[in-house]
Structures are given as C-alpha cells and as structure tokens.
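Engineer: Given the coordinates of chain A, work out where chain B should sit on it, guided by the hints.
Spelled out from the first residue to the last, the chains are:
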Amino acid sequence: MVASLEPLIKGIEVNYRGIFQKNLAKRIGGDIVYVAHLGGKTGFSNGRYSDAPERNGIPCKYFAYVSSVSEEELEAICGAKMDISQADVSVVLDDAMVKGVEPWGWHGIRPINEKVREGGTLLVVSKKKPEELLKFVARQPFNYNIAILPGDSSFAGLWVYKDDLTDVRVLGAIAAIDPDIIHIQQVEEYVAKKYGANRVQAVRDAYNSLIIKEVTPQEGIDWPHQIPELPKWHEFKEGIAVPAVERRFSLGPRGQSRNLHFKRGTTKSLRPVVRFDLCVKCTLCWIECPDECFDPTPDGLYDVHYEYCTGCGKCAEVCPVKECIIMVDELRFDNDASPWKAYKENPVSYIKWAEEKKGQERIIHQVVTGRGLEVKTVENPIPPKVKE
Amino acid sequence: MSFIPEEQIKKKLFKGVHDVPGEELYTSGHRTCQGCESALVMRQFVKAAGPRTVATGSTGCMYVANTSYMTTPWVVPWMHTQLGAGGSSAVGMAAGLRAMMRKGKITNEKINVISFCGDIGGGDMGLSGISGALQTDYDLLIILYDNESAANTDIQATGLTTWGAQTTFTPTGTKHRVMQKRWKKNVAAMLAVGHPTVKYVATACATFPPLDFMNKVTKALETGGPTFIHSLDPCPKGWDYHPRYSHEVGELAIKSGIFPLYEIANGVVTYNYDARKNRIPVKEYLLNQGRFAHFTNAETDFVQSMVDEMWEEWELPGILPVKSSLKVST
Numbered sequence: 000m001v002a003s004l005e006p007l008i009k010g011i012e013v014n015y016r017g018i019f020q021k022n023l024a025k026r027i028g029g030d031i032v033y034v035a036h037l038g039g040k041t042g043f044s045n046g047r048y049s050d051a052p053e054r055n056g057i058p059c060k061y062f063a064y065v066s067s068v069s070e071e072e073l074e075a076i077c078g079a080k081m082d083i084s085q086a087d088v089s090v091v092l093d094d095a096m097v098k099g100v101e102p103w104g105w106h107g108i109r110p111i112n113e114k115v116r117e118g119g120t121l122l123v124v125s126k127k128k129p130e131e132l133l134k135f136v137a138r139q140p141f142n143y144n145i146a147i148l149p150g151d152s153s154f155a156g157l158w159v160y161k162d163d164l165t166d167v168r169v170l171g172a173i174a175a176i177d178p179d180i181i182h183i184q185q186v187e188e189y190v191a192k193k194y195g196a197n198r199v200q201a202v203r204d205a206y207n208s209l210i211i212k213e214v215t216p217q218e219g220i221d222w223p224h225q226i227p228e229l230p231k232w233h234e235f236k237e238g239i240a241v242p243a244v245e246r247r248f249s250l251g252p253r254g255q256s257r258n259l260h261f262k263r264g265t266t267k268s269l270r271p272v273v274r275f276d277l278c279v280k281c282t283l284c285w286i287e288c289p290d291e292c293f294d295p296t297p298d299g300l301y302d303v304h305y306e307y308c309t310g311c312g313k314c315a316e317v318c319p320v321k322e323c324i325i326m327v328d329e330l331r332f333d334n335d336a337s338p339w340k341a342y343k344e345n346p347v348s349y350i351k352w353a354e355e356k357k358g359q360e361r362i363i364h365q366v367v368t369g370r371g372l373e374v375k376t377v378e379n380p381i382p383p384k385v386k387e
Numbered sequence: 000m001s002f003i004p005e006e007q008i009k010k011k012l013f014k015g016v017h018d019v020p021g022e023e024l025y026t027s028g029h030r031t032c033q034g035c036e037s038a039l040v041m042r043q044f045v046k047a048a049g050p051r052t053v054a055t056g057s058t059g060c061m062y063v064a065n066t067s068y069m070t071t072p073w074v075v076p077w078m079h080t081q082l083g084a085g086g087s088s089a090v091g092m093a094a095g096l097r098a099m100m101r102k103g104k105i106t107n108e109k110i111n112v113i114s115f116c117g118d119i120g121g122g123d124m125g126l127s128g129i130s131g132a133l134q135t136d137y138d139l140l141i142i143l144y145d146n147e148s149a150a151n152t153d154i155q156a157t158g159l160t161t162w163g164a165q166t167t168f169t170p171t172g173t174k175h176r177v178m179q180k181r182w183k184k185n186v187a188a189m190l191a192v193g194h195p196t197v198k199y200v201a202t203a204c205a206t207f208p209p210l211d212f213m214n215k216v217t218k219a220l221e222t223g224g225p226t227f228i229h230s231l232d233p234c235p236k237g238w239d240y241h242p243r244y245s246h247e248v249g250e251l252a253i254k255s256g257i258f259p260l261y262e263i264a265n266g267v268v269t270y271n272y273d274a275r276k277n278r279i280p281v282k283e284y285l286l287n288q289g290r291f292a293h294f295t296n297a298e299t300d301f302v303q304s305m306v307d308e309m310w311e312e313w314e315l316p317g318i319l320p321v322k323s324s325l326k327v328s329t
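So the protein lines, in turn, are chains A and B.
In this text, residue positions in the first sequence follow numbering that gives the first Met the number 0: the first is 0, and each later residue adds one.
In this text, residue positions in the second sequence follow numbering that gives the first Met the number 0: the first is 0, and each later residue adds one.
Hint data in this document are derived by calculation from the structure and do not stem from the laboratory.
Quick reminder that beta carbons are idealized off the backbone N, C-alpha and C, glycines included.
Each hint should be verified, as a subset may be incorrect.
[To be verified] Selected chain B positions facing chain A (Cβ under 8 angstroms, derived; list incomplete):
1. Met69
2. Trp73
3. Thr217
[As the list claims (entries may be wrong)] Residues from chain B shown here face chain A by an in silico Cβ test under 7 angstroms; the list is partial:
4. Glu22
5. Thr26
6. Gln33
7. Gly34
8. Gly95
9. Arg97
10. Asp153
11. Gln155
Next up, chain A with everything else stripped away, as it sits in the complex (with noise of 0.2 angstroms):
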C-alpha cells in the first residue's frame, strides 16, 4: 500500500511573489532535492498548478517532497499533485504575504499557513519578530513553529537576478529546522561545490541565526476572509457567458463598481499613503492606476480603495508633489478602510497617522528590479496645510 509511506514523505514549499521571485523559488526547490540526493534520498519539486504564467507580485507557489522511499513509490503518491497538501516546512520568500494569499488560479484569500501541518514550521524571510508577523496570521488548532530568518525580503528579478545569497540562507535554515529533509553538511558541500566555497559562511550563518518560537492555537487571528463557493459545472449559463459587472458609479469612496469575486489586495508588499493636503489635483495618480483603484470624490481628492490595490507603485511615481504618495510597508497597516473618510473626519489626525505610518525610510526602487534598491531617509515631515 502506497498511502501507508505518506508519513515517510517530507513535504516543503515556497512561497513567493510572482515574477520578482520566480527565480529565486525555482533555484531553493530544485537545490533541496539536489541536496536531498546528497544524502541518499529521492526527492522532486514542481511548480504549482496554473500559477505559470505568472504575473509581478502575484503569490505564487514551488512545492518540493523529500523521501527516503524509492522514486517510483514517492512519483505514485506526489506525482500528480497540483499543490502541496501538507508542508512541514513553508518558506515565505515575502513577509507582507503573512497578511494572506490570492493565488490567481485559486480564488479566495488564504492563511498563509494553510497547508503547514501539526508541528511544522512556518518559515519567513523577514526583520520583524514572530509576535508582529502573527497579529496577521491565521490560528490553527494545533501547535506549529515559526521560524525568522532574518533578511530582507528579496526581488531578485528575472533577467537580471540579483544574488543576495538569500538562496543558500534558506537552505540552511530548513536544514536548522528539520535535519530529516536536508542535513547542514550536505547543504554545504552541495552549495560549495554549486555556488562556491565562499557561500558556506552564509549558510552556516542562517542555520545559527534562525529565530524559532512555537505557535500554539490560542496564537494568531481569526481568519476575515472567506473562502468564495465556486459554481459547479452544470450552474455555467449557456455559452459560459459570466455576468459583467453592474454598472454603478458615484464620486466618493467605494462609488464605482468593481469585480466582487477577486479582490487582489494580497498582491502588494507596498501600499501608497496619501498626504491629501497636499494634493494639487492633477488626476494624474487616479489616470495612471492600471487597477481602477482610485475613487473621485466630490472636492476633487481621489481616496484609495485598498482591497484593489496592487502596489505597483506607479502613482507614488507620476506624483509630482513631493512627499504626496509615498509607498509604505504593507504590514504596518491593519485594515484597507477609506483613507478620505479619515481624512474628512479629521484632518490633522489623519496627517498624523499618516507620517507616523511613512515613517523617516523612503524606498527609491532601481529601473530593473534585479538592481535592488535604495532606502533614503527624511528628516522632518512637511507640516499639514489645513488647519483643525
């Protein structure tokens, strides 16, 4: 019987952003099974079902299983899989993918640790601490470890890749959490022989660094979202016509329209804040937004419609107010409310929140991503322009 060598079978993934990450998910996933070979054990690792063709910053997906059963019995059970059922590790190559996930070919925003299984470990590329990440995580009903592997989290790019050795870092942080998938002298002879002997000092340095805490039930939220129930085969219209979406418009926040079914919030790593006493109404962010998220409101502000917000970034860019748009780290924000409506509430609180959230650190993103980027810092916020 097949089924009884499941438990036998280790199962990884890698979770990463579309495109910017491609690469870099692709090399962690065939390195553990060619360091899995290494240590006489049969391994494959494969992309998810209909994540490819990918697109910038969709959460995407690269499974891997580790065995000591023969190829033929672990080809038998994992071969045709479309997506990983359990991990016991799952790497996240982005920690803004903590507050959840859209696969495009899977609808519904998803825990990140959906598929992480009793006493496996969570493990994110990040330089915030385990209590931070799990105010977005969601609770499981078993205990489970996550694991920080301190680092930026890396856009290495896809012609030009930019080798931040976060790669061989990984690999030895999974061989930090579970020696039974891929053992640390393996790792270093693979990566030495591989990538060079001078990589061995970052792989150690990962396995020693790593920062593991246990995560019990009570640790974590309760899932917001949920999962949509998809219509079976025989409920499609004729010719499988999709109903458009209702056309509805009005100036002011959420006043258009949009497609309910796929909100792709989970896209972005990013969000753009809005100093609105600044704006010189230009339109030009509203113009330029390739995902129709910004709403007309009737003084002539555009307010940010968060859920639909990719992060692209190209608004902050077109702005021509400095310090106007200024895209911040998606994870210092709870909730994709109206900023307008802050804003109209109470103007010089909202100005406030808004530079407490910018913070000093302005990121100045290079052409081609695989360059990396700058970080700038601002020394004093320009003071609000109205009044209480």
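Structural biologist: Below, chain B alone, put in the same frame as chain A:
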C-alpha cells in the same frame, strides 16, 4: 462610408485630463501584473468609447487576465475569441449588430465594436484576419496592444519583439549574446499601406503624450469604417523593470524614436511626437530594461543606427522604409 469633417471630430476629443469621465467601464479586480500598461489600454479605450460599446479580444494576456472562473472586470459586454480571430470576430459582431438593427430587433443606434489583440494575435497569427476585416465596410476598431512578447505564456519572442531582447525563446548565451535576430514588424504602417480604403490608422502609447491614446480611439471611432490602432505597452513582467516605472519606459520608447508615434487620417500623416528633430539616445530606453542588460556598446550602437536610419533616410519615417525617390526602369 461617409467622410466626417475633421472639425466635427475635434469637438469630441478630450482637451484636458479633467474632461475624462470618472466612471470605469473596465474596472478593478483583474489578474494583470502590477503596473500593467495593457490594463491601462483596456481601461482607457473603453473610457473614450463610452458605455455603448461591445468588445472582443483574442487570446493573450488580456484575455486570461480578464476572465477566470466566473469573474470579469468588464462592465460592457466582452467576448473572448481565438488567437487568430481578432479581425473576424470584430466583423462578425459588427455584421450581427447591423443585421439586428436592420431587422428592427434592436434600436438603431451607434454601437462601437472594438476588437483587441496582443502582438501574436495581431501582428503574427491574426494578421490575415485583421487584413480581411480592414477590407470590409463595417464600423470597427482593432487595437493591437503590443507588449513585445507572448507574455501570457511566460515571455516568448514574437514578430514584434525588439531586436536583441531576452525572452524565454531567446536567452542570451556565452557564444551568442543576441538570439532575437528579427527586426520588429511595423504592423500599423503595413496595414495602412496595404489597405488604402482604411480612413484611420495610428500608433500610440497609453501614457505618453497624455490623452493621446484616448483621443486616437475617439478619432478612430468617429471616423468610422474599419480602423486600426497599434499601442506599445511596456510590460514590467517580460521587459524586467520595476512596475512603478511603466509610464516612464513608454515615454522613453517614444522620445528615443524607437517606436514612431504617428496617425494616418484620411491619407494625411501626422507625427504626434516628431523624433526627426529631438531624439534622446536609444540607449536610455534599452538600458532601463532587464531584457537588454546583456547589451554591449556594439548592440546599442546597432539599434541606434537602425533608428537613425529610419528617421533620417526613410521616405516616410516610421512608415515607409524606402530610401530613394521614384525610379522607372527603362
């Protein structure tokens, strides 16, 4: 087909950004990349066309991104058609509407028929269908949204990919740095030259110059008959740049002259950005994209020489690659 005076069309154009309607007819919740310029093309053409519009799209990024299991971002009716059928489905729609109006089954009114296709659907595989559609007398607009690769199936080279670009079909190697050895096909000019009865053909970019694309859509629809617009859409996915710079890459393409911006209305050519006078070096456009990161001076110089030749030696820059005046053989 009646000739519509230019003055009448001019009245319908957007004079400033504040004239653009606030309502979205292609709305949020589509599966496009961050910073997708093709999504902006969809959004803007339907904004310019208004609610009495039916759209059809052949297979490509903008098909897969806009439908998936039981969801759509379209407010106006939209139909998917096969990869090579961009032209024929537009003809079918226009013919159907005309027949239903003639028989009194629907109100006799102006309904815009817009078909869009990607660079394979428009420039490679669907070219014959579009050519056929442009020979009819139906009112229809075909928009070729050109992101220079088969981006839907993960960035394969097409006939419209820029020379030298890296794609999954043409990766750079140690022996051969350049694998994409085909020069970009000039689809708009080819169709304009080959179909003298077509009243309006244009090239465009969704973000530069501002409002230019939307006004070209209005002009095409108002002119009537079969019309064609070719828009260059910077693609953060396949061109490998950060999505926040989408508008800038498009602007660089036009200012460097590598993508000529023109319209041919009733046989009159207008350059909307005259790159004969002021061109920035094409290097600035190329080196801001990861797909050209393997270029050395030899490659950028070659592309520059081709662009210079187009603007300085062609009889009609960007349109007609003929370098000498008419000769008659004796």
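Engineer: Could you run down the list of hints and mark each one as holding or not?
Structural biologist: Hint-by-hint comparison with the structure:
1. Satisfaction of the interface hint for Met69 of chain B is found here, the shortest Cβ-Cβ separation to chain A being roughly 6 angstroms, below the 8 angstroms cut-off.
2. Satisfaction of the interface hint for Trp73 of chain B is found here, the shortest Cβ-Cβ separation to chain A being roughly 5 angstroms, below the 8 angstroms cut-off.
3. Taking 8 angstroms as the C-beta contact cut-off toward chain A, the hint placing Thr217 of chain B at the interface is violated, the least distance being around 16 angstroms.
4. Against a cut-off of 7 angstroms between C-beta atoms, the interface hint on Glu22 of chain B holds, since the closest Cβ of chain A lies about 4 angstroms away.
5. Among the interface hints, the one on Thr26 of chain B holds; its C-beta lies about 5 angstroms from the nearest C-beta in chain A, closer than the 7 angstroms criterion.
6. Because the smallest distance between the Cβ of Gln33 of chain B and any Cβ of chain A comes to about 4 angstroms, under 7 angstroms, the interface hint for this residue holds.
7. Because the smallest distance between the Cβ of Gly34 of chain B and any Cβ of chain A comes to about 4 angstroms, under 7 angstroms, the interface hint for this residue holds.
8. Proximity of Gly95 of chain B to chain A is violated relative to the hint, the smallest CB-CB distance being about 14 angstroms (cut-off 7 angstroms).
9. Annotation: interface hint on Arg97 of chain B violated; nearest CB of chain A at approximately 21 angstroms, more than 7 angstroms.
10. Of the supplied interface hints, the one on Asp153 of chain B holds, with its beta-carbon coming within about 5 angstroms of a beta-carbon of chain A, less than 7 angstroms.
11. Because the beta carbon of Gln155 of chain B sits about 10 angstroms from the nearest beta carbon in chain A, more than 7 angstroms, this interface hint is broken.
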